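Q: Now for the letters of each chain:
Protein chains: 4
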Amino acid sequence: MCRFLAYCGEPVFLETLVCTPCHSLIEQSMHAEEAKTETNGDGFGVGWYSERTEPGRYCEIRPAWSDENLQSICNHIRSHLFFAHVRAATGTAVSRANCHPFKVGRYLFMHNGQVGDWPRLRRKVEAMIPDELYGARTGTTDSEAIFLAAIGAGLERDSVGAFQRVLHAVRDEMTAQGITSPLRFTATWTDGERVWAVRWASDDKPPSLYWRQGGNGLIVVSEPVDAQRDQWRRVPAGGGLVARIGAAPETFLFQ
Amino acid sequence: MCRFLAYCGEPVFLETLVCTPCHSLIEQSMHAEEAKTETNGDGFGVGWYSERTEPGRYCEIRPAWSDENLQSICNHIRSHLFFAHVRAATGTAVSRANCHPFKVGRYLFMHNGQVGDWPRLRRKVEAMIPDELYGARTGTTDSEAIFLAAIGAGLERDSVGAFQRVLHAVRDEMTAQGITSPLRFTATWTDGERVWAVRWASDDKPPSLYWRQGGNGLIVVSEPVDAQRDQWRRVPAGGGLVARIGAAPETFLFQ
Amino acid sequence: MCRFLAYCGEPVFLETLVCTPCHSLIEQSMHAEEAKTETNGDGFGVGWYSERTEPGRYCEIRPAWSDENLQSICNHIRSHLFFAHVRAATGTAVSRANCHPFKVGRYLFMHNGQVGDWPRLRRKVEAMIPDELYGARTGTTDSEAIFLAAIGAGLERDSVGAFQRVLHAVRDEMTAQGITSPLRFTATWTDGERVWAVRWASDDKPPSLYWRQGGNGLIVVSEPVDAQRDQWRRVPAGGGLVARIGAAPETFLFQ
Amino acid sequence: MCRFLAYCGEPVFLETLVCTPCHSLIEQSMHAEEAKTETNGDGFGVGWYSERTEPGRYCEIRPAWSDENLQSICNHIRSHLFFAHVRAATGTAVSRANCHPFKVGRYLFMHNGQVGDWPRLRRKVEAMIPDELYGARTGTTDSEAIFLAAIGAGLERDSVGAFQRVLHAVRDEMTAQGITSPLRFTATWTDGERVWAVRWASDDKPPSLYWRQGGNGLIVVSEPVDAQRDQWRRVPAGGGLVARIGAAPETFLFQ
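Protein chains in written order, with numbering that gives the first Met the number 0: chain A, 0 to 254; chain B, 0 to 254; chain C, 0 to 254; chain D, 0 to 254.
I should point out that these hints are in silico values taken from the structure, not numbers from a laboratory. In this text, all values refer to a predicted model and were calculated from it rather than measured experimentally. The reader is advised that the hints may include incorrect statements.
For chains that are exact copies, the list does not tell them apart, and a pair is met inside one copy or across any two.
[Said to hold, decoys possible] With a cut-off of at most 35 Å between alpha-carbon atoms, the simulated DSBU-like pairs for lysine-lysine come out as follows:
1. K35 x K123
2. K123 x K204
3. K102 x K204
Work out the full structure: start from the sequences and follow the hints.
A: Listed below in structure tokens is the structure:
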């Protein structure tokens with residue numbers, strides 16, 4: 000599937016988490032350990048907040064492990080809140096438009112998982128995207144469609160509920176169509192101030208999700224980026240957490 | 000907008016028309032003379048028929064003028080029927096999925112023109128694409144959407160009528176929404192045996208279209224590729240032609 | 000040839016000069032007015048200084064005018080000293096390794112011009128690169144080779160003299176080989192504190208170079224980025240200037 | 000390192016060997032079994048002979064596994080002699096100029112292996128390239144440099160001897176510089192009529208090499224592309240073979 004990382008806290012250079020650790024996200028692009036696929040070489044993306052309300056974004060279709068631009072950007076951009084993602088495509092094309100994190104206004108969103116039998120469901124899910132957001136639909140992934148649908152479902156005022164409503168609608172549609180392959184949704188999103196992360200699936204195999212609260216900030220990852228395994232807490236299936244800079248993260252149920 | 004070229008006749012190397020002439024399509028990627036934009040550097044594509052029913056295709060997002068792969072492919076592939084296109088994007092992203100010629104099964108399609116106020120119309124036009132073809136919708140252009148809609152409207156049995164029905168529906172929708180910017184459609188398509196080309200617009204400015212019947216075959220172009228201007232015949236606005244290898248092309252009205 | 004822009008002064012977002020002005024560098028990538036070629040679509044690069052001694056760098060082979068990453072990076076990075084370049088290749092490949100600005104340690108370098116009959120001279124100029132820098136030779140351009148040779152010729156302690164020595168050696172070699180096509184060198188470089196810019200050619204046609212000192216800082220450009228032509232001062236052939244943040248630029252002869 | 004495949008015999012579509020088999024070269028780009036690295040995702044290339052003396056070539060920097068162009072080209076090009084390569088970079092950049100197969104005139108060359116401590120040796124090996132070929136040096140790999148040096152050392156009249164002379168010279172230089180990391184050279188090359196393949200290293204670990212003579216032709220591979228392991232013959236360390244269409248391949252010592 001994919002691997003991702005989100006950070007909020009004291010401003011740090013992106014490289015601190017994306018490039019430097021022994022099992023950094025760039026390392027995971029070639030050698031992920033807890034993902035369905037070891038290789039996550041179908042493009043990547045980073046998004047970061049700086050002085051502006053809307054985040055910056057750099058994404059590319061080549062593997063993260065060989066991109067000199069990514070190294071340089073991570074080496075020179077310091078941010079209090081950033082997202083990074085390496086992709087393993089599951090049926091849709093390798094293109095910038097299909098790279099995470101997706102951005103709409105001040106929001107960023109990353110997903111690790113998949114909608115079973117996506118080609119049959121795509122139209123239905125795209126129909127959940129409101130007209131005024133349809134121009135932001137530039138790719139063909141399930142991830143982007145769910146994100147846009149969630150904005151339409153009230154992401155701004157009820158972030159967790161919006162994704163739940165969309166996922167339930169998708170699951171109901173899958174049931175109606177007799178689709179038995181699973182709907183898996185381990186994801187993280189932000190409005191530039193708070194970071195949410197959830198781990199959920201219609202079966203018992205939601206992709207892995209961990210977090211760690213250090214002296215400097217909160218790190219949310221698909222899998223630990225360092226060897227200190229005991230420092231990381233696993234998000235349980237059907238669970239989530241929300242964090243704000245300077246406050247302790249709170250956990251919640253996500254079902 | 001864009002520039003394109005279609006050929007059918009005795010098998011020739013693609014380079015004969017795409018690379019070598021003084022005003023070849025590659026030359027037109029940097030210096031088009033009759034297009035709205037001189038530069039057509041937003042990606043390109045070639046499609047060709049060989050021994051198989053379905054055509055081969057090579058497209059890329061860089062400008063045609065600097066791509067060594069394109070030179071080599073044109074230098075080594077000989078075909079009796081091929082399409083080539085250089086793109087000037089009009090609002091949608093530079094991506095492979097937005098490069099012409101578009102391919103579905105044994106069909107190829109290229110377009111030069113635009114649907115006025117496309118962001119407002121996109122959803123309506125995409126709704127004309129039948130379910131079984133929706134998976135082939137990989138980009139965001141008006142061109143691809145019209146092509147897929149035309150297949151749904153009966154391209155296989157009534158090729159010209161199918162495009163007319165789609166264009167009229169689009170024009171009606173534009174009228175209904177009060178969109179006054181024009182709908183322009185200079186295009187060419189093929190089923191691997193016949194080549195159609197039409198020149199039409201809702202205003203009086205359909206993009207240019209020429210053809211030339213030589214000893215070896217028929218060439219259809221956005222603008223002449225050589226300096227022998229008097230050898231080329233201009234397709235009138237509201238006109239079209241259809242050709243089959245070994246037979247004289249026939250003209251028709253397209254309105 | 001190429002077009003470039005350098006800035007030093009109060010920290011500003013890169014977009015202020017690279018994207019926003021009516022004749023911004025991105026605009027010049029498609030419509031340069033004072034260059035040999037109107038289109039500068041053979042890749043681009045930006046380099047910027049932030050908190051670190053060495054600059055960050057982002058370069059890509061596609062045209063600047065369609066790259067969303069470039070827009071986002073310029074929109075979110077604020078710097079007191081940055082370089083930007085759009086390339087028109089003159090015989091060498093379109094590749095990241097051939098994109099300006101070139102970077103070695105804390106130095107950046109951009110060039111607009113060419114070494115006449117470069118294929119015949121390449122080996123000789125590469126031979127001027129010291130062993131310890133040869134690993135930094137990743138492309139095939141005359142520009143990169145001259146830059147690396149200049150570092151070898153003492154760029155660190157005598158920046159202007161180093162380039163002069165290299166250019167004179169190249170010119171002498173051209174004379175020895177009977178090469179009559181010109182050597183043209185309009186260039187700018189920086190060590191992260193000072194910015195140098197020179198305009199020189201072996202004939203009377205060095206590429207254009209302008210500068211402007213505003214309230215916020217110094218801008219050096221191939222051609223003015225705005226319509227206030229009278230605010231820009233033309234660097235004469237055989238001239239140069241050097242600037243440091245907070246001090247008035249000084250001009251000098253470069254011959 | 001890398002994985003490659005060469006074929007000569009009855010004309011077949013490239014896909015027959017590059018895409019379709021259960022352990023095809025495209026499969027090996029993500030899951031090689033006998034290579035130092037499982038992932039060979041740092042670009043790829045194919046070269047093929049058709050009606051012309053010089054071969055066609057298509058290479059790209061993205062991984063082979065996700066490139067639709069590669070699929071289409073392999074699906075539509077039929078050839079009596081072709082080369083294909085997927086790359087795992089060992090220190091040099093991911094760029095088209097560093098993709099195999101390298102082409103000079105009617106020759107193609109592919110390499111799997113490496114020159115130990117290449118940065119220290121690069122200049123010496125490049126110095127072995129004759130002046131008239133130096134313009135063909137567009138990348139920075141050891142592979143390309145050795146190929147060009149071998150042409151200079153008489154590839155045209157004594158193909159095997161030319162590579163031996165170059166390798167011995169490189170090894171001697173390594174000894175002189177006290178470089179103890181190995182020189183490994185498993186490679187294949189062709190003049191469009193004959194195909195040579197050799198397996199050699201300065202230590203006892205030359206990369207794997209196999210061949211199979213079927214009813215239709217000869218296949219040379221880094222590792223078998225199908226599950227019929229007993230049908231493939233392993234080239235011993237210090238061995239080579241040469242083949243011509245329609246004749247049985249001959250083996251030889253390569254030391």
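Q: Evaluate each hint against the coordinates.
A: Evaluation of the provided hints:
| no. | hint | in the structure |
| --- | --- | --- |
| 1 | K35 x K123 | within (27 Å within a copy, 38 Å between copies) |
| 2 | K123 x K204 | within (24 Å within a copy, 38 Å between copies) |
| 3 | K102 x K204 | within (27 Å within a copy, 37 Å between copies) |
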